[in-house]
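Peer 1: Below, each chain spelled out in residue letters.
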Amino acid sequence: MIKNFLMNLLLSAIWVALTGSLYYTNFLFGFMIGFFILWIMNRNETDHRYFYRVPKIIGFIFYFLYEVVKANIQVAFDVITPKYFFKPGIVKYPMSARTDFEINLLTTMISLTPGTLIVDISDDKKTIYIHVMYLTDPETFVRQTQTGLERRLLAILR
Amino acid sequence: MIEIVLAILSTVGALSILFASIGILRMPDFYLRLSVTVKASTLGVGLLLICAAVMFPDVSVTTKAIAIIFFLIITAPIGAHMIGRAAYFTGTPLWKGTIIDELAGMYNDETHELESEESDTDDDREDDAPNIAKTDEETE
Numbered sequence: 065m066i067k068n069f070l071m072n073l074l075l076s077a078i079w080v081a082l083t084g085s086l087y088y089t090n091f092l093f094g095f096m097i098g099f100f101i102l103w104i105m106n107r108n109e110t111d112h113r114y115f116y117r118v119p120k121i122i123g124f125i126f127y128f129l130y131e132v133v134k135a136n137i138q139v140a141f142d143v144i145t146p147k148y149f150f151k152p153g154i155v156k157y158p159m160s161a162r163t164d165f166e167i168n169l170l171t172t173m174i175s176l177t178p179g180t181l182i183v184d185i186s187d188d189k190k191t192i193y194i195h196v197m198y199l200t201d202p203e204t205f206v207r208q209t210q211t212g213l214e215r216r217l218l219a220i221l222r
Numbered sequence: 708m709i710e711i712v713l714a715i716l717s718t719v720g721a722l723s724i725l726f727a728s729i730g731i732l733r734m735p736d737f738y739l740r741l742s743v744t745v746k747a748s749t750l751g752v753g754l755l756l757i758c759a760a761v762m763f764p765d766v767s768v769t770t771k772a773i774a775i776i777f778f779l780i781i782t783a784p785i786g787a788h789m790i791g792r793a794a795y796f797t798g799t800p801l802w803k804g805t806i807i808d809e810l811a812g813m814y815n816d817e818t819h820e821l822e823s824e825e826s827d828t829d830d831d832r833e834d835d836a837p838n839i840a841k842t843d844e845e846t847e
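So the protein lines, in turn, are chains A and B. Residue 98 in this note's numbering sits at position 34 of the first sequence; the count goes up by one each step and never skips. Residue 790 in this note's numbering sits at position 83 of the second sequence; the count goes up by one each step and never skips.
Some clues are possibly wrong.
What the hints assert, rightly or not - Selected chain B positions facing chain A (in silico; Cβ < 7 Å):
id: 1; residue: 729
id: 2; residue: 730
id: 3; residue: 738
id: 4; residue: 743
id: 5; residue: 746
id: 6; residue: 766
id: 7; residue: 784
id: 8; residue: 787
id: 9; residue: 788
id: 10; residue: 791
id: 11; residue: 795
id: 12; residue: 807
id: 13; residue: 810
id: 14; residue: 820
Stated by the list, open to error - Simulated crosslink set (SDA-like; lysine to any residue; CA at most 20 Å straight-line):
id: 15; chain 1: A; residue 1: 190; chain 2: B; residue 2: 792
id: 16; chain 1: A; residue 1: 190; chain 2: A; residue 2: 202
id: 17; chain 1: A; residue 1: 134; chain 2: B; residue 2: 744
id: 18; chain 1: A; residue 1: 120; chain 2: A; residue 2: 104
id: 19; chain 1: B; residue 1: 771; chain 2: B; residue 2: 760
id: 20; chain 1: A; residue 1: 156; chain 2: B; residue 2: 796
id: 21; chain 1: A; residue 1: 134; chain 2: B; residue 2: 717
id: 22; chain 1: A; residue 1: 151; chain 2: B; residue 2: 731
id: 23; chain 1: B; residue 1: 841; chain 2: B; residue 2: 804
id: 24; chain 1: B; residue 1: 841; chain 2: B; residue 2: 799
id: 25; chain 1: A; residue 1: 134; chain 2: A; residue 2: 171
id: 26; chain 1: A; residue 1: 147; chain 2: B; residue 2: 737
id: 27; chain 1: A; residue 1: 156; chain 2: B; residue 2: 838
id: 28; chain 1: A; residue 1: 147; chain 2: B; residue 2: 732
id: 29; chain 1: A; residue 1: 156; chain 2: B; residue 2: 839
id: 30; chain 1: B; residue 1: 771; chain 2: B; residue 2: 789
id: 31; chain 1: A; residue 1: 120; chain 2: A; residue 2: 165
id: 32; chain 1: A; residue 1: 147; chain 2: A; residue 2: 200
id: 33; chain 1: B; residue 1: 803; chain 2: A; residue 2: 202
id: 34; chain 1: A; residue 1: 156; chain 2: B; residue 2: 806
id: 35; chain 1: A; residue 1: 189; chain 2: B; residue 2: 809
id: 36; chain 1: A; residue 1: 134; chain 2: B; residue 2: 718
id: 37; chain 1: A; residue 1: 156; chain 2: B; residue 2: 731
id: 38; chain 1: A; residue 1: 189; chain 2: B; residue 2: 815
id: 39; chain 1: A; residue 1: 156; chain 2: A; residue 2: 177
id: 40; chain 1: A; residue 1: 190; chain 2: A; residue 2: 171
None of these hints come from the bench; they were simulated from the model. These numbers come from a predicted model, not from an experiment. From the three backbone atoms N, C-alpha and C, an ideal C-beta is built for every residue, glycine too.
Build out the structure end to end from the sequences listed, making use of the hints.
Peer 2: Okay, here's the thing in structure tokens:
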């Protein structure tokens, strides 16, 4: 897993050195070529996790950007129109994330989505308390976050 | 082509910062103000920095822009979390339209430890009522 990633970085550095143009687009292109070469070379190996994980990470980044933009439009619409549409509330959210790194990433993602704000984390690291702006029903919100953001994040990390 | 992308990105970034600043004025209580401001300004500053990175074809500008966006994304949610937690401790009331507050009564009064389950040992339950404002004037 980590060996494949370092190999991929080395291959993209070699590509940048050979082409001689130090731009991010060129580095990304070299990374894609290195990923393809590694995929071909490792077809007979048993450990294929790296090659499933990189497309999942890219998909997760696009999913997260889509969620952020959607929520930003909702909040912006509420800010500029005279009537308040929101129903705020503080919700208790039971996490499936266990290690500190998983909790850190999950809380950062939830905090960066507009309309949700982490108020506090319980001391036994089992639940987080989220201030939500558009809360029609606490159970629905918890279920949506569990099946959407948290499941996708943990699928990448584990 | 590049100019159109730059125009769209910088317009969206500037608009989201504008909406964040209108939100500070218009939102009815402290938590909603915090919630609106931190996210929208992170998105706005990030988009403007991406514009700068696309506009100047220089590696040092791109690396600086990416580093600034990275540290902004790490630090802004932590800042918001600490400010919100401090506001909850000092008893800032929630807006009168707040429908639920599941955090009320979960803190230990002496140690400020937070439990994940409701403890049944308390004999006086009147301290645990949610701190929700009755009128608009309390949260001005």
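Peer 1: For each hint, tell me whether it holds in the structure or not.
Peer 2: Verification of the supplied hints:
{"no.": "1", "hint": "729", "result": "holds, 5 Å"}
{"no.": "2", "hint": "730", "result": "holds, 5 Å"}
{"no.": "3", "hint": "738", "result": "holds, 5 Å"}
{"no.": "4", "hint": "743", "result": "holds, 6 Å"}
{"no.": "5", "hint": "746", "result": "holds, 4 Å"}
{"no.": "6", "hint": "766", "result": "holds, 5 Å"}
{"no.": "7", "hint": "784", "result": "holds, 3 Å"}
{"no.": "8", "hint": "787", "result": "holds, 6 Å"}
{"no.": "9", "hint": "788", "result": "holds, 5 Å"}
{"no.": "10", "hint": "791", "result": "holds, 5 Å"}
{"no.": "11", "hint": "795", "result": "holds, 6 Å"}
{"no.": "12", "hint": "807", "result": "holds, 4 Å"}
{"no.": "13", "hint": "810", "result": "holds, 5 Å"}
{"no.": "14", "hint": "820", "result": "holds, 5 Å"}
{"no.": "15", "hint": "A/190 to B/792", "result": "holds, 18 Å"}
{"no.": "16", "hint": "A/190 to A/202", "result": "holds, 17 Å"}
{"no.": "17", "hint": "A/134 to B/744", "result": "holds, 16 Å"}
{"no.": "18", "hint": "A/120 to A/104", "result": "holds, 19 Å"}
{"no.": "19", "hint": "B/771 to B/760", "result": "holds, 8 Å"}
{"no.": "20", "hint": "A/156 to B/796", "result": "holds, 17 Å"}
{"no.": "21", "hint": "A/134 to B/717", "result": "holds, 18 Å"}
{"no.": "22", "hint": "A/151 to B/731", "result": "holds, 18 Å"}
{"no.": "23", "hint": "B/841 to B/804", "result": "holds, 9 Å"}
{"no.": "24", "hint": "B/841 to B/799", "result": "holds, 13 Å"}
{"no.": "25", "hint": "A/134 to A/171", "result": "holds, 19 Å"}
{"no.": "26", "hint": "A/147 to B/737", "result": "holds, 18 Å"}
{"no.": "27", "hint": "A/156 to B/838", "result": "holds, 16 Å"}
{"no.": "28", "hint": "A/147 to B/732", "result": "holds, 14 Å"}
{"no.": "29", "hint": "A/156 to B/839", "result": "holds, 17 Å"}
{"no.": "30", "hint": "B/771 to B/789", "result": "violated, 27 Å"}
{"no.": "31", "hint": "A/120 to A/165", "result": "holds, 18 Å"}
{"no.": "32", "hint": "A/147 to A/200", "result": "holds, 17 Å"}
{"no.": "33", "hint": "B/803 to A/202", "result": "holds, 18 Å"}
{"no.": "34", "hint": "A/156 to B/806", "result": "holds, 13 Å"}
{"no.": "35", "hint": "A/189 to B/809", "result": "holds, 17 Å"}
{"no.": "36", "hint": "A/134 to B/718", "result": "holds, 17 Å"}
{"no.": "37", "hint": "A/156 to B/731", "result": "violated, 26 Å"}
{"no.": "38", "hint": "A/189 to B/815", "result": "holds, 16 Å"}
{"no.": "39", "hint": "A/156 to A/177", "result": "holds, 17 Å"}
{"no.": "40", "hint": "A/190 to A/171", "result": "holds, 13 Å"}
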